[in-house]
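Visitor: Here are the chains, one letter per residue:
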Amino acid sequence: GIQVEQSPPDLILQEGANSTLRCNFSDSVNNLQWFHQNPWGQLINLFYIPSGTKQNGRLSATTVATERYSLLYISSSQTTDSGVYFCAVGYSGNTPLVFGKGTRLSVIA
Amino acid sequence: DGGITQSPKYLFRKEGQNVTLSCEQNLNHDAMYWYRQDPGQGLRLIYYSQIVNDFQKGDIAEGYSVSREKKESFPLTVTSAQKNPTAFYLCASSPGRGNTIYFGEGSWLTVV
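Read top to bottom, the protein sequences are chains A and B. Here the first sequence is numbered in the numbering used here, starting from -11 and rising by one per residue. Here the second sequence is numbered in the numbering used here, starting from 10 and rising by one per residue.
With the rest of the complex left out, here is chain B (with noise of 0.2 Å):
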C-alpha cells in the first residue's frame, strides 16, 4: 500500500537519551516534514526537506536532529538537549510546491 510509515507507535525514553523516530513514504514525494503536537493543541513545525541532501529548521528546531539521506526516508532523533520531549510526533511528505500535504500515523514518545 502507498503511504507514510511511522515507527515506533509508542515510545519512552529515560531522560539524557536520545530517541529516533522513523518516517518511510512511498509515494515518490519531494518534500517531508516534521511536526510536533501537544495536547490541545495545533502541530508546530520541527524540520522540513524539499530535496535529498537538504534541510531547514522549523520553529521549534532546538534538541532536534534530521537526515535526508534518501528520498524515502527522513528520520528524526530527538536529542537530550530538548528540555520538554514528550509529546507527539507526525511526519508528513508532499510533492512540494503548495501540493496537498500527507501524514503518517504518528508516534507518541515519552520521557519517563
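Same shape as in the complex, but just chain A (with noise of 0.2 Å):
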C-alpha cells in the first residue's frame, strides 16, 4: 500500500518563529489533507490540497503531486499551534485515507 513519511518527526520553536513540515508519499494520490491534533486529542481540518497552494491566515500548504510531496508552512507560530500535524492520502473514490506518523510541534513563549 501507499506510505506517507513526515518530517521532522518533531520540531521546538520559539514563538514567533516561521516553520515547514514535510509530507512524502510513494504513489500518485488524488486525496491528499492535513490536520492539527491539539493536546486533547481533537483532530481539525487545516487543507485539502491533492494538488496546488493553499493559505489560511499563518498557515499555507502546497503539494506537487507530479513529485509526491506536500509541503505545510506555519508563520508568526504561537503556543496555541502546538500539537501534531497529519498529512493524511488517499486514491480516487472513497477509499480511506492512509495517515503518516506526524510531525509533533511545541511553540515556547
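Worth flagging that the hints you see were computed from the coordinates, not collected in a lab. All the given hints hold, so there is nothing to weed out.
With a cut-off of at most 30 Å between alpha-carbon atoms, the simulated DSS-like pairs for lysine-lysine come out as follows:
1. 23/B - 92/B
2. 18/B - 79/B
3. 23/B - 66/B
4. 92/B - 89/A
5. 18/B - 89/A
6. 66/B - 89/A
7. 80/B - 18/B
8. 92/B - 18/B
9. 89/A - 42/A
With the hints as a guide, dock the two chains, each given alone in a separate frame, to form the complex.
Guide: Put into C-alpha cells, the structure is as follows:
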C-alpha cells in the first residue's frame, strides 16, 4: 500500500518563528489533507490540497503531486499552534485516507 | 449543532470483556471510518463503511467488529479477541468520493 512519511518527527520553535513541515508519499494520489491534533486529541482539518497551493491566515500548504510531496508552512508561530500535524493521502473514489506518523510541534513562549 | 459525536469519552474495561464505542453523525455523510491511535503514533484504519449495510476491513480489523444499520450510526465493538485494545479511538465521516474527512473527539479505552 501507499507509504506516507513526515518530517521532521519533532520540532521545537520559539514563539514568532516560522516552520516548514514535509510530507512525502509513495504513489500518485488524488486526495491529500493536513490535520492538526490538539493536546486533547481533537483532529482539525487544515487543508484539503491534492495539488496546488492554499493559504489560510498564518498557515499555507503546497502540494506538488508529480513529485509526490506536500509542504505545510506555519508563519509567526504561536503557542496555540502546538500539537501534532498529520498528513493523510488517498487514492480515487472512497478509499480511506492513509496517515503519516505526524510531526510533533512545540511552540514555546 | 452539526458534527460527529463519540461516546463514551473515557472507558475502562476488564480483560475478557467486550465493549462498544458509539459514533453518531448528523452531517448526512455517506462514508464513516474508525481509526486507532497509539501513543506517539499515527492513525491506523480499523473498519470503514461507504454505505448503509456495507463495511470493509481496514489494516487492523482483527479483534474488532462494526455494524452500519443506519446512515448516521457506526458503532465499534472491541472484542476480547483484541490482544492490546488500550488506545485512543477516532471515528470520522466524509461525504465520500475523496472529500474532506471530519473527526469526532475520540474515545480513550483502557484495559485494566
